[in-house]
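**Student:** One-letter residues, chain by chain:
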Amino acid sequence: MSIASSTHRIARFALYGVLALFCLYYLMPLYVMVVNSLKPLSEITSGGMIALPKEWTVAPWRNAWSEAQVGVEATGMRPYFINSFLMVIPAVAIATILGALNGYVLTKWTFKGSTILFGFLLFGCFIPFQIVLIPMARALGMMGLAGTVPGLIFVHVVYGISFSTLYFRNYYAAFPTELVRAAQIDGAGFFTIFFRILLPNSGPIAVVCVIWLFTNIWNDFLFGASFSDFNSQPMTVALNNLVQSSTGVQEYNVHFAGAIIAALPTLLVYIVAGRFFVRGLMSGSVKG
Amino acid sequence: MAQVPEGGSALKFSKSKGDWLRDALPKLVLSPSVAISMIFVYGFILFTIYLAFSDSRILPSYGWAGLQNFQNLFTLRAWNIATINLAIFAILYIGICCALGLLLAILLDQKIRAEGFIRNIYLYPMALSFIVTGVAWKWILDPGIGLEAVVQGWGFENFEFNWIKDRDMAIYTIVIAAVWQTSGFVMAMFLAGLRGIDQEILRAAEVDGASTFALYRRIVIPQLRLAFMSAFVVLAHMAIKSYDLVIALTNGGPGIATTMPATFMYSYTFTRNQMGVGSASAVMMLMTIAAITVPYLWSELRGSKQ
Amino acid sequence: MSFLDIDKATKSYGAVRVLNETDISVEEGEFLVLVGPSGCGKSTLLNMIAGLEGVSSGEIRIRDRRMNDIKPADRNIAMVFQSYALYPNMTVRSNISFGMEMHGVRKAKREEKIAEIAELLQLTPFLDRKPGQLSGGQRQRVAMGRALTRDPDVFLFDEPLSNLDAKLRVDMRTEIKKLHQKLGTTIVYVTHDQIEALTLSTRIAVMFGGEVQQLGTPQEIYDNPTNMFVAGFMGSPAMNLLPATLRDAEGGVAVELALPDSSYISLPFPRGATLSGQDGRAIVLGIRPEAMTDPESADAESPAIHQAELSIDVIEPAGSDTYVTVSLCGKDAIGRFRANTSARAGARFPFSFDMAKAVAFDPETEQRID
Numbered sequence: 001m002s003i004a005s006s007t008h009r010i011a012r013f014a015l016y017g018v019l020a021l022f023c024l025y026y027l028m029p030l031y032v033m034v035v036n037s038l039k040p041l042s043e044i045t046s047g048g049m050i051a052l053p054k055e056w057t058v059a060p061w062r063n064a065w066s067e068a069q070v071g072v073e074a075t076g077m078r079p080y081f082i083n084s085f086l087m088v089i090p091a092v093a094i095a096t097i098l099g100a101l102n103g104y105v106l107t108k109w110t111f112k113g114s115t116i117l118f119g120f121l122l123f124g125c126f127i128p129f130q131i132v133l134i135p136m137a138r139a140l141g142m143m144g145l146a147g148t149v150p151g152l153i154f155v156h157v158v159y160g161i162s163f164s165t166l167y168f169r170n171y172y173a174a175f176p177t178e179l180v181r182a183a184q185i186d187g188a189g190f191f192t193i194f195f196r197i198l199l200p201n202s203g204p205i206a207v208v209c210v211i212w213l214f215t216n217i218w219n220d221f222l223f224g225a226s227f228s229d230f231n232s233q234p235m236t237v238a239l240n241n242l243v244q245s246s247t248g249v250q251e252y253n254v255h256f257a258g259a260i261i262a263a264l265p266t267l268l269v270y271i272v273a274g275r276f277f278v279r280g281l282m283s284g285s286v287k288g
Numbered sequence: 001m002a003q004v005p006e007g008g009s010a011l012k013f014s015k016s017k018g019d020w021l022r023d024a025l026p027k028l029v030l031s032p033s034v035a036i037s038m039i040f041v042y043g044f045i046l047f048t049i050y051l052a053f054s055d056s057r058i059l060p061s062y063g064w065a066g067l068q069n070f071q072n073l074f075t076l077r078a079w080n081i082a083t084i085n086l087a088i089f090a091i092l093y094i095g096i097c098c099a100l101g102l103l104l105a106i107l108l109d110q111k112i113r114a115e116g117f118i119r120n121i122y123l124y125p126m127a128l129s130f131i132v133t134g135v136a137w138k139w140i141l142d143p144g145i146g147l148e149a150v151v152q153g154w155g156f157e158n159f160e161f162n163w164i165k166d167r168d169m170a171i172y173t174i175v176i177a178a179v180w181q182t183s184g185f186v187m188a189m190f191l192a193g194l195r196g197i198d199q200e201i202l203r204a205a206e207v208d209g210a211s212t213f214a215l216y217r218r219i220v221i222p223q224l225r226l227a228f229m230s231a232f233v234v235l236a237h238m239a240i241k242s243y244d245l246v247i248a249l250t251n252g253g254p255g256i257a258t259t260m261p262a263t264f265m266y267s268y269t270f271t272r273n274q275m276g277v278g279s280a281s282a283v284m285m286l287m288t289i290a291a292i293t294v295p296y297l298w299s300e301l302r303g304s305k306q
Numbered sequence: 001m002s003f004l005d006i007d008k009a010t011k012s013y014g015a016v017r018v019l020n021e022t023d024i025s026v027e028e029g030e031f032l033v034l035v036g037p038s039g040c041g042k043s044t045l046l047n048m049i050a051g052l053e054g055v056s057s058g059e060i061r062i063r064d065r066r067m068n069d070i071k072p073a074d075r076n077i078a079m080v081f082q083s084y085a086l087y088p089n090m091t092v093r094s095n096i097s098f099g100m101e102m103h104g105v106r107k108a109k110r111e112e113k114i115a116e117i118a119e120l121l122q123l124t125p126f127l128d129r130k131p132g133q134l135s136g137g138q139r140q141r142v143a144m145g146r147a148l149t150r151d152p153d154v155f156l157f158d159e160p161l162s163n164l165d166a167k168l169r170v171d172m173r174t175e176i177k178k179l180h181q182k183l184g185t186t187i188v189y190v191t192h193d194q195i196e197a198l199t200l201s202t203r204i205a206v207m208f209g210g211e212v213q214q215l216g217t218p219q220e221i222y223d224n225p226t227n228m229f230v231a232g233f234m235g236s237p238a239m240n241l242l243p244a245t246l247r248d249a250e251g252g253v254a255v256e257l258a259l260p261d262s263s264y265i266s267l268p269f270p271r272g273a274t275l276s277g278q279d280g281r282a283i284v285l286g287i288r289p290e291a292m293t294d295p296e297s298a299d300a301e302s303p304a305i306h307q308a309e310l311s312i313d314v315i316e317p318a319g320s321d322t323y324v325t326v327s328l329c330g331k332d333a334i335g336r337f338r339a340n341t342s343a344r345a346g347a348r349f350p351f352s353f354d355m356a357k358a359v360a361f362d363p364e365t366e367q368r369i370d
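Protein sequence lines, in the order shown, are assigned to chains E, V and U. Mapped onto this note's numbering, the consecutive letters of the first sequence carry residue numbers 1 to 288. Mapped onto this note's numbering, the consecutive letters of the second sequence carry residue numbers 1 to 306. Mapped onto this note's numbering, the consecutive letters of the third sequence carry residue numbers 1 to 370.
Treat the hints as calculated values from the structure; they're not laboratory data. Hints may be right or wrong, so weigh each one.
For each label pair, taking beta carbons as the anchor points, the in silico distance ranges come out as [said to hold, decoys possible]:
hint, chain 1, residue 1, chain 2, residue 2, range
1, V, Gln223, E, Asn201, 31 to 37 Å
2, E, Leu24, V, Ala210, 30 to 36 Å
3, V, Ala210, E, Phe191, 54 to 60 Å
Computed footprint of chain V on chain E; a stretch qualifies when at least three of its residues, placed anywhere within it, have a C-beta under 8 Å from a C-beta of chain V [stated by the list, open to error]:
hint, region
4, 96-108
5, 121-134
Think about it this way: if two alpha-carbon atoms lie no more than 25 Å apart in a straight line, the pair counts; the simulated DSS-like pairs of lysine-lysine are [claimed, not checked]:
hint, chain 1, residue 1, chain 2, residue 2
6, E, Lys112, V, Lys27
7, U, Lys71, V, Lys27
8, U, Lys177, U, Lys113
9, U, Lys109, U, Lys182
10, U, Lys130, U, Lys113
11, U, Lys177, U, Lys167
12, V, Lys241, V, Lys165
13, U, Lys8, U, Lys71
14, E, Lys112, U, Lys71
All values reported here derive from a predicted model rather than from experimental measurement. Backbone N, C-alpha and C define an ideal beta-carbon position, used for all residues, glycine too.
Assemble the whole structure, with the sequences as input and the hints as a guide.
**Tutor:** Below you can see the structure in the form of structure tokens.
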């Protein structure tokens, strides 16, 4: 009995040990980024990447935020950070609203062929965006949106709808149809039912959808790199430019500070609403 | 049983005069999204496919070139390297993510204290941009300041870890960073699968005297088939699309050693002015992804219909 | 022309017909129950009356007004759903008020009506709660309250009690019956529970396979089922349906029932008088458990009590009664004995058959033949 319980204890101990090791593995890059963003460059180049700063400094942060040479001018990341927000907020709002309406129609007002239409919309989640880059560049040019923030908003809405529709459709599919019927007998019409009955009960999925879109659009690089110019570049493109610009000395500490700034909004969302983030991640890929 | 199909055509009324709007309204609401999808997804795909058969260079051009672009594509050394890289990357990335994800999920499923906290740590990289991940790992793997320098600093003067500068090994550094970013997500998928297994079956197996190992091998893992399938589709699809991480981590280098189809497409289309070849490569990517996802979507949709 | 007319109504989904041509006329103030197993078409018919599903052919009329093309909100009907379908984001008050609001009823009038209904259904203390904070029975009452606001021509109930536990179900059944007696509204009520059907209704339509099998008062349905499906479906324990043989006997007709030891008992069958001259015809004899009792429990008024001794297989005491299983005609037949019977499993015991209540079916067509 006591042997059994002591082997059990050793097994538990080993289990927790392994789990802790993996925690270190996942946290290590974040640790490296944070620690090295707070030390002078010389401490990094002298092989002290893992060590805590001997001399703590926020200069790299200040540098990355407002002084570093990113584009032609030494503006730091600030303008691009703002670009990203200007792009992400309208794009998320529009894609979410459209997705909610689509999901409502596709579950509660189905018609012949609506499942097939959903399948068509859904495929948009899976296409490699390389296949649309060339025509989209031309289309944006024709619409006069090339190289602008509204152009990026447009692109993200177009390819965000597939996801938001998927989320809301799956959520509303489980929403009791009897409620819709009851509202119909009560005399409510298409939009009244949506705004008075479904939407007030869509809190969780709206959060999931908003977080998913926010994270994806904020983190996007391909569209940002393809369809923006110096004035409309989002954060990810600016970060890459900062790091890849090989003129002069590599300021690793500034790069790390910049990387953290770029990661901060989505990390914050993850910390505050991780539960919803995970749910979105799961239902964005594992449906049903 | 002849029951009303749930949500089927349940809410349709018979038609009457003046009520066409009521009947048409749902379709009207759906139509902008359908139109957008038709133009910007399907229309654009067709356009790109057309370009792949055209003589487009710096700008789209509509002269017919037949299979010329594809012939060029397959003879290009860069494309050859890109496809081999993709194969290496996809196999290792999917394999390691699944193995690691499954291992972590099973470990976390042992009634661990602070499970939620640990799970959050494993999963947070998924919230980061691939660019951020790329920047972090770029310097961690950099022999001048990163791991190699640190270990040498500890006194192991002969320690060498310069894969990122090594033409033959650089592709594996992309695997390292990508696995770091995504394996937590795969863990979450498997964990959800584990939690979905009927606890009574596990109890029954325990009563039957199955050891923990046998329990997982014979009962649990076979039931994760669906989670494996989803993980495979998601990971394969991410592998084929992977662009950001390559750009941030190695920028396709050293030389063109870590070129992938996605970076190939971008550089041939936008910097080398070979739009026809670029389009052809995009078509190849689409076909690969479609071969994986269309059967998956088809089965999902058919399942949800019943 | 009645209050609610279902006139040759059918429903098909593509090639699948879920409701065959159905005619039902409901008078004002009637309580019609549609009962049958799941998939029999009863809910489809109710949804057609509500306007939630279209009518494939035929007509539905309320107060002689053709309803086929009128949308649910304009039919002046109210409906209580199986899941109650309370709007989870609204308070009880708003739930009750929503329909009136949609129909443009003024606020003062709404308040007045809400107060009145809350009083009637004892919901006043809960008006500001959300449905999630209510018990099953309270939710049920809110659902009825919502329906009552409309002063509807017809009340539709779709299995309203099936989500409640057994005790509450009985209580709510009584509530609904009281409400009907008090308000006198016309009700169409769907259930799969034959006891609900028998206790609540003024008339029952027993449905099976998309067809009304029998339409009649609870008494008619119970005593005179038109076919073996209705006989087996209504009543619990179910009517015993025993393969038997007709015999011409002195002064009438008798039935011969096979015993396990391949001997027979023969019982006079007064209701089968019309079947005389068909000696040897195979029939199915329908006899309810309460017509197979211990001699002390036999109906003294009945003109046709006949005794036979049978060997008992199983005894199941059920509190107020004891159910006794015997093997008869190759089937398990159940008799209802009084609670403190001295019958024991394995022993022989005299049974009193009330043959005035027995009915006969054709084994092929399954229809009544007596």
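**Student:** If a hint holds in the structure, say so; if it does not, say that too.
**Tutor:** Here is how each hint holds up against the structure:
{"no.": "1", "hint": "V:Gln223 - E:Asn201: 31 to 37 Å", "in the structure": "holds, 33 Å"}
{"no.": "2", "hint": "E:Leu24 - V:Ala210: 30 to 36 Å", "in the structure": "holds, 33 Å"}
{"no.": "3", "hint": "V:Ala210 - E:Phe191: 54 to 60 Å", "in the structure": "holds, 56 Å"}
{"no.": "4", "hint": "96-108", "in the structure": "holds (count 8)"}
{"no.": "5", "hint": "121-134", "in the structure": "holds (count 13)"}
{"no.": "6", "hint": "E:Lys112 - V:Lys27", "in the structure": "holds, 11 Å"}
{"no.": "7", "hint": "U:Lys71 - V:Lys27", "in the structure": "holds, 19 Å"}
{"no.": "8", "hint": "U:Lys177 - U:Lys113", "in the structure": "holds, 22 Å"}
{"no.": "9", "hint": "U:Lys109 - U:Lys182", "in the structure": "holds, 22 Å"}
{"no.": "10", "hint": "U:Lys130 - U:Lys113", "in the structure": "holds, 19 Å"}
{"no.": "11", "hint": "U:Lys177 - U:Lys167", "in the structure": "holds, 16 Å"}
{"no.": "12", "hint": "V:Lys241 - V:Lys165", "in the structure": "holds, 23 Å"}
{"no.": "13", "hint": "U:Lys8 - U:Lys71", "in the structure": "holds, 20 Å"}
{"no.": "14", "hint": "E:Lys112 - U:Lys71", "in the structure": "holds, 20 Å"}
Taken one by one, the earlier hints all hold for this structure without exception.
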